[in-house]
Amino acid sequence: MHNQMLYNKYTEKKPFKFKGPVVFTVLMVAVSLMCIFVYDLLITLPYFQTKDIQVTGQNFLSKNNILECANLTLTENILGINLNKIHKLLIQNPWVISASIRRKFPNELFIKIVEKQALAILMIDRPLIVDTKGYIIKEQTESDPQKLPIVTGMTYADLSPSDEPLSQKMSSILHVLTEKKQMIAFPKNMDIFQLHVDMDFGITIWIGDPGIEILLGSENYRKKFHRLRKLLAFFRYRKAYQRIEYIDMNNLDRITVRPYSEKNSDGKEV
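Just add 293 to the spot in the sequence shown (first one is 1) and you have the working numbering.
Don't read these hints as lab results, they were simulated from the structure. In this text, a Cβ means the ideal position worked out from N, Cα and C, and glycines have one as well. Where hints are given, some of them may not hold.
Stated by the list, open to error - Beta-carbon label-pair distances, calculated as ranges:
hint, residue 1, residue 2, range
1, F398, N482, 30 to 38 Å
2, Y340, S453, 48 to 56 Å
3, Y530, S453, 40 to 48 Å
4, A526, D491, 41 to 49 Å
5, A526, E369, 56 to 64 Å
6, S554, D491, 51 to 59 Å
7, F353, L320, 49 to 57 Å
8, F398, P438, 45 to 53 Å
9, W499, S453, 22 to 30 Å
10, F398, D484, 31 to 39 Å
Could you put together the complete structure from these sequences and hints?
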């Protein structure tokens, strides 16, 4: 009898017990599969198809440029758009400083761009666009801005990466072009269309039409532009500024103005 009881005790089937980690794993797999199923369902619904993409902050770049750069179209489902990927694509554009992207459910996307501002074209062995901070944006192409001051006298050694200080030449160029832009009541049609920088003579600019050559030198650019504004206003009043060929403003105490040389019928100066 005793032996029979022992036999029954050891042969009796014991209930199988699931361990905690196993149950958790099974549940997580089930939830994951359910999420994938729901996501796949949502990204196929027309309700979430992108119907409007708003782009703000751009200046030179057009909305189409931005969308092309980000590989975006209105046919995409807003849930399937990878915002981080779009951000990386946008900041790879040489014109873009920063970009932010956000969704607005159910079908809108907003992109905000901070764009570099072109200041001038540096002519070294190829035309390079420089921004308002004195750093190179990119090589100029036909689709880029064309009506910018042309800068000569620079070398590649005068250029700096965006994380390094500007060279002396670039700092001077930036100073001159910035001061000119900030001038109030400067005569119309007197924009700088060319600038040459030289370590010995400083900066020379060409302004207006037919083109007045002006030696500014190496310092006191703000005072010189104020004096130049008054000087041009005087010649404009006298209807004589179109006859001016050259102005030497290197020394503000002794400004030299040279008119165009008159020529006789043989083409010789008289």
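* Asked: Lying within 22 to 30 Å: is that true of the beta-carbon distance W499 to S453?
  -> 26 Å, holds
Quick one: are F398 and N482 within 30 to 38 Å, going by C-beta?
-> Given about 52 Å between the Cβ atoms, the range is violated.
Original post:
Using the C-beta atoms of F353 and L320, is the stated range 49 to 57 Å upheld?
Top reply: Hint holds: Cβ distance 54 Å, inside 49 to 57 Å.
* **48 to 56 Å as the expected CB spacing between S453 and Y340, which holds or is violated** => Given a distance of about 51 Å, which is inside 48 to 56 Å, the answer is holds.
- Task: Hint says 40 to 48 Å; check whether the CB-CB distance for Y530 and S453 agrees.
- Result: Holds: the Cβ-Cβ distance is about 43 Å, inside 40 to 48 Å.
Taking 56 to 64 Å as the hint, is the beta-carbon distance of A526 and E369 inside that range?
Holds, since A526 and E369 (Cβ atoms, about 57 Å apart) stay within the stated range.
message = Can you tell me whether the CB distance of A526 to D491 sits inside 41 to 49 Å?
response = Taking Cβ atoms as reference, A526 and D491 lie about 28 Å apart, which means the hint is violated.
| Do the Cβ positions of S554 and D491 conform to the proposed distance bound of 51 to 59 Å? | For D491 against S554, whose Cβ atoms are near 24 Å apart, the range 51 to 59 Å is violated.
Next item on the list: Determine whether the Cβ-Cβ distance between F398 and D484 falls within the hinted range of 31 to 39 Å.
Entry: Given a distance of about 48 Å, which is not inside 31 to 39 Å, the answer is violated.
task = For the range 45 to 53 Å, tell me whether the beta carbons of F398 and P438 fit it or not.
result = 38 Å, violated
The earlier numbered hints that this structure contradicts are 1, 4, 6, 8, 10.
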